[in-house]
Amino acid sequence: MSHLDSFINWFASALATTIGFVAIMATLLVGFAFGVTFDFAENWSILFTMYLSLAAIVISATILIAQKRDTAAIQAKLDELILSGTSSNRLVGIERQTAEEIEMIRQQQVGGAAESAGAAERIGRADANQKGPP
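For the sequence shown, this note's numbering assigns the number 179 to the initial residue and increments by one for each residue that follows.
Don't read these hints as lab results, they were simulated from the structure. Incorrect hints may have been included.
FRET-style restraints, in silico, Cβ to Cβ [stated by the list, open to error]:
(1) 218 / 280: 48 to 56 Å
(2) 280 / 214: 49 to 57 Å
(3) 275 / 212: 47 to 55 Å
(4) 277 / 212: 43 to 51 Å
(5) 216 / 288: 58 to 66 Å
Every residue, glycine too, gets a C-beta built ideally from N, C-alpha and C.
Take these sequences, add in the hints, and give me the full structure.
This is how it looks when you write it as structure tokens:
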């Protein structure tokens, strides 16, 4: 893992803590205090707005990168579960397909689940009819 990846992972983890939240709030309060001190002058306003915009972009990018890593790890775990079980292996790697292809597969699963539920319901009714009244 590169130094940048390590830093991004550390930064995302730090932001996700109470201390990270407090640090962000403290930065906002310090900026507001400077604004009050400088009577919210135009120069201060431009600088603080630029700082907040850059901070928002960096934090958003960091969260997206960390989320992508977490999602890939979860997907690898799910693939391992699918491969180790008795279920069909056709869903392994589904995350690499387009949104339309995934939706098509999901619709097929819903249809298959409905058919299975219908069959189970018919079997349940048949069992109930064979038992007779209680």
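Consistency of the hints with the structure:
1. 218 / 280: 48 to 56 Å: 49 Å, holds
2. 280 / 214: 49 to 57 Å: 51 Å, holds
3. 275 / 212: 47 to 55 Å: 50 Å, holds
4. 277 / 212: 43 to 51 Å: Hint holds: Cβ distance 45 Å, inside 43 to 51 Å.
5. 216 / 288: 58 to 66 Å: 60 Å, holds
Comparing the model with each earlier hint shows no violations; every hint is respected.
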